[in-house]
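Work out the full structure: start from the sequences and follow the hints.
So the chains spell out like this:
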Amino acid sequence: MLRFVGRRLWYGAWTLAALVTLTFFVMRLAPGGPFSRNRKISPEVQANIEAAFHLDEPLWQQFARFVWGVLRLDLGPSTRHRDYSVNDLIASGLPYSLTIGFWAIVVASLVGVALGIAGALRRNGMTDYVAGTVGVVGIAIPIFVIGPVMQVIFGLRLGWLPIGGWDGTWRSLVLPVVVLALPNIAYISRLTRASMIETLRENYVRTARAKGIGWRRTLWRHTLTGALLPVIAYLGPATAAIITGSILIETIFAVPGIGRHFVDAALNRDYPLVMGITLLYGGMLILFNIATDVVRAILDPRIRNER
Amino acid sequence: MIGKAGRMSRWLAGATMALALAVTPALADGVLDRGIGSEWSSLDPQVNFDAAAGWIMMDAYEGLVTYGLGGGVQPGAAESWTASEDGKTYTFTLREGLKWSNGDPIKAQEFVDSVLRTLNPDTVSEKGYYFYSVVKIKGAEAIANGETKDASGLGVTAPDDRTVVIELETPAPHILNIMGAFQIPPLHGPSYAANGAAGFVDPAKVVSNGAYVFAEVVPQSHVLLKKNPNYWDAANVAIETVKYHVTEDVSTEFKRFQAGEIDITYDIPVNQIEEVKASMPDQVFITPSTETTYYSFNLTKPELQDINVRTALSMAINRELLQEKIVKGGAIPAYSYAGGFDPAYEGPMMPGFELSQEERETKAKELMAAAGYGPDNPLKLTIVTTVAEDRVRLAQGVSLMWKQVLGVEATVEPMERKAWLDAFYAGTWDVFADNLVGDFAGAETFLAYMRPSAEPGYNWVKPEYDAQMDVAATMPDAASRNAELAKAEKILLDDVIFAPIAKEPLRRLVSPKVGGYTPSVTDYINSQFLTLAP
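Protein chains in written order, with our numbering: chain S, 24 to 330; chain P, 501 to 1034.
Check each hint, because a few of them may be wrong.
[To be verified] Label-pair ranges, simulated between beta-carbon atoms: (1) P:Val887 with S:Pro66: 23 to 31 Å; (2) P:Ala694 with S:Val90: 31 to 39 Å; (3) S:Leu25 with P:Val887: 29 to 37 Å; (4) S:Leu290 with P:Ala704: 28 to 36 Å; (5) P:Ala694 with S:Leu290: 32 to 40 Å.
[Stated by the list, open to error] Here are some of the chain P residues that sit facing chain S, going by a computed Cβ distance under 10 Å: (6) Ser538; (7) Ala697; (8) Glu748.
[To be verified] Far from chain S, by Cβ distances over 10 Å, these chain P residues were calculated: (9) Ser542; (10) Arg617; (11) Ala693; (12) Glu859; (13) Ala919; (14) Ala973.
For the record, the hints were derived by calculation from the structure and aren't laboratory data. Just so it is clear, CB atoms sit at the ideal spot from N, CA and C, and this is done for glycine as well.
As C-alpha cells, this is what we get:
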C-alpha cells in the first residue's frame, strides 16, 4: 500500500512540475505586462518599477527565482495587490473557497447519494422521477444562470438571504453552496442510482438476503460499499473541481475567495499570483486524485494489486 | 422496508426547506455601503493609484486641500494658502491643533515626507508624476529618476510646523487640483518607521488623519472605516461607519443595491439603464467623468498620412446616433478633446463641427474621393479595441458608419486590455480605440498627454504644438493659460490625428437614504459630507 501511494505521489510531483513550468512560460507569451499602462510615466521610473519585481531579468533567471521561492514556500509579492504577498492573498482567500467547497461537496454527496438510493430502491416511483428531473435541470442549467435566478428569488423577492458578500455567518454561505452543489447533486444521484440498481442485482446481495440478513444490513454492508465505488471515484476530481470551479460562484456572490484572484491575476498579468494559484490548484487536483485512488484501493483489492 | 430509505430522502428535502424558512431578512444597520468595483490596488497612501482606492484614501486621509460635494476645492488640512505673483511658489498654512488618529500632532514636515516617499524610487510608486509632470516641483524629477537621493533640492519644504511651501519650475494654476488626499496625504513618521508599508493595511497599526480610520481590511471583500474622533471637523461628520465593498460583478452589485445591501453603486449594468431610469429615476446618476474616448489614426500608415482621409473618417462618424442607438451607455458625444471638463476653458471644436451631420457626411465623401478611394478601390482598416462589451459595440458602430458613408472596410479587432495596451506601442493597428482619464477636470492634463515629447506612441511630429504648450506652461493665471491651451488644442484638432468620440460617463445608483450626494466630473465623493437616513 505504501509503495502504491509513494508511486502515485512521485508521478503527481512530476505532473505538477510540468504544469507549473508550462504555465510560467505560456503566461509570458501573452502580450502586455503587469505594469502596462496607457499613461507613460518617465522611462526611468517604469524601469525602476519593473526592476523592483525582477521583471528586467532574463526569463530563465525569473524562473529560477520562482522555483527557489517555491522551495522556500515563498511565492513572492503580488504585482496587482501591492500591499500583499501571494502567500498573504492565498492565506486570506483560501479559507473562504475551502469553506464553500467543503459544504458544497458535503451537501452534494449527502443529497446526491440519498436521492440516488431512493431512486434505485423505488425505481420509476415519484421520488425517482423528481430526482431525475432535478438531475437533468442541475446539469443542464449553467451556474451563471442558476446563481442570479436564486439571488433574485431568495435575496430580492423573499429577502431571506443576502445577495452577495460575506457577512461572517452561515447566511452568506447558503446560496453559493447550494448553487455549487446542484450540478454535483445531479451527477452523484444518477451515478448512485445506476450503480445501486446494478449492485442490487448482484449475486452476493441476493445471497445475503437469502441467508436471512435484514434489508438494512444488506443495504449498508453489502450493497452500498459496492455501489458507492464509482461515486467515490467521482468525488476526488469533483472535490478539486468544486474548489477550483468556484471561480464563477465567487464572482456572482462576491465571495472573497481565491478563485476571483485567479481570473483577476491572469487579466492583470500578475505573474506571481497566477503562478501561486496554479501551483495550489494543480497540487490540490493531483492530491485529491491520489486520495481517491487510495480510497478505492482500500475498498477494492483489485485496484491495489494492479501494476 | 424499502419505504424507509425513501422517507430518509424526503426527510432530507424537508430539512432543507425548514432551514430556508428559518432565515430572517436583513435589516438596516446604519452603515454607508459603497461599491468600488474591482479591489483596490493598494491602501498604501503613497502608492495606491486607482479611483476605487482613491475614495477610501479620501475618507481615511486628508490632504492640504479637500474636495467638497460637487468637486470644488476647499480647505483641508491647510486652512489657507497664498500664491506668489509669478505663480511659482505656493504657501499653505495648516490648521491649528491638527491631530493624527492616535492623537499625535500633525506637522508640516509630514506632508514633505509624503512627497519624498512618493518620489523615492524605493517606494516603487507610480504617482510621482503628479509632482514632476502634472505640476513641475523643483527637484522632483531628479529624485524620481534616482539621479539624487538628496532631499534638500526638493521644492517642497516645511519652514515651521504649520507651513508647507511648494516651489515650482513653471507656474501651475491647477496645482490645487492635486493637493488632495489622493496625491498628498501626510505620512505619519513613527508608525511608518515601525511598521513599514505593511502597516498601512493593518487596522491595528495604521495611523491616519482623515475623517475616518480603518477598522477592518479583507482583501477581495471590503474595507470598513469608522469615524475618527481626532479629526478636526469630527463634529460635522454625520455617518459613523462606511463600508467599501468590492463589487466586481456589475449585475450582482445591481441586485445588492436593490436588496439594500449597497447604498451607492460603482456602476449600473448597461443593459439595465433604460429600466432603472424608468423605475427609479431619482436614484440614477449618469454624469460626465474625466474619461474621454477618441479613435487615434496610425500616422505611420501611408494611407492615413493623408489628412483628407483622416478628416473624412472623423466626419463620417455620427456621434449622436452612436451613443443613443448603438452603445447606449450614457456617454456624451464629443466634438473636441480637452474641452467640456472645466467650464472656464473654452476650447476649439473639431473641423466640420459647424456643419450638420448630413453635410459632414457629404464633405467626407468628397474628401475620400479626392484622396483616390472609391467603390472599386475601398480603404481597408483595422480598429483595435478592448474586449469590453460596450467598447466592441462602439467599434462595430463606427465600422458600420464608415462602411455606409465611405465604403471603408474596417474590421474590428477586440483585444484583452493588457494586449490592447501593448498593441498600441507595437503600432499594429490602423485605428486605435483610445481613451484617457484626466488627472483633474481641466484641459491641460489632456493636452499635455498629446505632446509628441510626452507620448511618442502617436508618432505625431509637431514642433508648433510643443512650442504652444511651452507658452501655455509659463502663464501664471488660469484665464490666460486656458487661452494659450485653446490655441494648442486648435493645432491638435486641425491635424486630425484622432477622431473625438465621446466623454465617458459615471454611472451610479444612489439609495434615497443617502443625503447630499452630488456628482462631479472628478468623482470625489467624501463620505464625511454625506448623510444617511435610518
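What hints, given by number in increasing order, does this structure fail? Going through the list in order, the structure violates hints 3, 9 and 13 and respects the others.
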